[in-house]
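Q: Chains as they are written, first to last, in this note's numbering: chain A, 1 to 81; chain B, 1 to 175.
Read the hints as simulated data drawn from the structure, not as lab findings. Every value quoted in this text rests on a predicted model; they were computed, and no experiment measured them. Using N, Cα and C, we set each Cβ at its ideal position, and we do this for glycine too. The reader is advised that the hints may include incorrect statements.
As the list claims (entries may be wrong) - Here are some chain A residues pointing at chain B (derived, C-beta under 8 Å):
(1) Val54
(2) Pro65
(3) Val67
(4) Glu70
(5) Lys72
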Amino acid sequence: MKIVIKSESFHMKLVVPSALAFNRCMAWLWKKLLRKEFSEEISGKEWRKLFRTVRKTARRYRGMPLVEVEEKSGDHVYIFF
Amino acid sequence: MHIAEIVGKNLLTLRKEKNWTQDEVAEKLGVSAQAVSKWETGASCPDISLLPVISDLYGVLVDDLLRDEEERRKRKESVMTYVPEEKRKKPEELLFRVLVDSGDGDKVRINLPLPLLKAGIGFGMASKFTSKFLGEDALKDIDLEQIFRLAESGVIGKLIEVDSGNGDHVEIVVE
Numbered sequence: 001m002k003i004v005i006k007s008e009s010f011h012m013k014l015v016v017p018s019a020l021a022f023n024r025c026m027a028w029l030w031k032k033l034l035r036k037e038f039s040e041e042i043s044g045k046e047w048r049k050l051f052r053t054v055r056k057t058a059r060r061y062r063g064m065p066l067v068e069v070e071e072k073s074g075d076h077v078y079i080f081f
Numbered sequence: 001m002h003i004a005e006i007v008g009k010n011l012l013t014l015r016k017e018k019n020w021t022q023d024e025v026a027e028k029l030g031v032s033a034q035a036v037s038k039w040e041t042g043a044s045c046p047d048i049s050l051l052p053v054i055s056d057l058y059g060v061l062v063d064d065l066l067r068d069e070e071e072r073r074k075r076k077e078s079v080m081t082y083v084p085e086e087k088r089k090k091p092e093e094l095l096f097r098v099l100v101d102s103g104d105g106d107k108v109r110i111n112l113p114l115p116l117l118k119a120g121i122g123f124g125m126a127s128k129f130t131s132k133f134l135g136e137d138a139l140k141d142i143d144l145e146q147i148f149r150l151a152e153s154g155v156i157g158k159l160i161e162v163d164s165g166n167g168d169h170v171e172i173v174v175e
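Could you put together the complete structure from these sequences and hints?
A: Pasting the structure below:
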C-alpha cells in the first residue's frame, strides 16, 4: 500500500507493506481505538476478518488508487493498493 | 469518427478478443469474408438486420457495437443498467466508486472493490461508518447494504446521484 501526499511545498511518498498495516496487532489497536474514541464495539475477530480481505484485495488490485483527494488549495492525497 | 469506422473498430476488437479469423466470422454470420473485411476497415456497415445477430455472436449489446470506447465507458458510468446473469462479472471483479465534488472545490474519489465493501457490511461497519462518521453529510442516509445487493444482482452503473443544498455533489457508481 502506497500513500502519496503532495502540496506546493511538500511531497511525501510512504510505502507501507499491507502485511504490516493490516495484521493481528493492528486489528487489536483499531479495536481499542474505536472503543475509546467512538464507543464502537467491533470485535478483534471482525477486524482480523476485514484485514484479511484487505490484504487479499490489495494483492489483486495492486497499484489501483483506493482514495484520491484533491483539495482546492492544490494539496493532493492518494492512497494506492 | 464516422459510424462505419466506429462499428468496424468494435468488430475488429471483438473478433480479436475471440481469436477468430474473418473467415470464421463470415461463416458464422452467413456472409462473405470480404464483407467482414469491409466492415472492419470501415469501408461499409453491416446491414441493420444483421446487427442483433452480430451482437449475439459476440455477446454484447447492439448499442455497444455503435458506440466508441470512450462513449461506452461514459454511458456505463452514467446509466444504471441490469446485466443478465450470463454476461455478469463476478462480484469480486466489481468496483464500487464514490465520487464527491464538494461545494468548496475539493474532490474525493474512492474506489472500493466489492469484496472489501462486503467485508465491511458483514459486521455492520459500513452502516456504522455512514451513520456515525459522516454525520450530517449527504451520504448519511445511503444504505450501502442495499447498493451491495443491487450490484450483486447485476445492477451496475450510476446508482446514486445526490446534490446537496451546500453545493456538494455525490455519485455512487458500480462498474
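Q: Take the hints in turn and mark each one as holding or not.
A: Here's how the hints hold up against the structure:
1. Among the interface hints, the one on valine 54(A) holds; its C-beta lies about 6 Å from the nearest C-beta in chain B, closer than the 8 Å criterion.
2. Satisfaction of the interface hint for proline 65(A) is found here, the shortest Cβ-Cβ separation to chain B being roughly 6 Å, below the 8 Å cut-off.
3. Evaluation of the valine 67(A) hint against chain B yields a held restraint, the C-beta minimum of about 5 Å falling below 8 Å.
4. Annotation: glutamate 70(A) was flagged as interfacial toward chain B, and the flag holds, the nearest CB pair being 4 Å apart, inside 8 Å.
5. For lysine 72(A), the suggested interface contact is upheld, since its CB lies about 3 Å from the closest CB of chain B, less than 8 Å.
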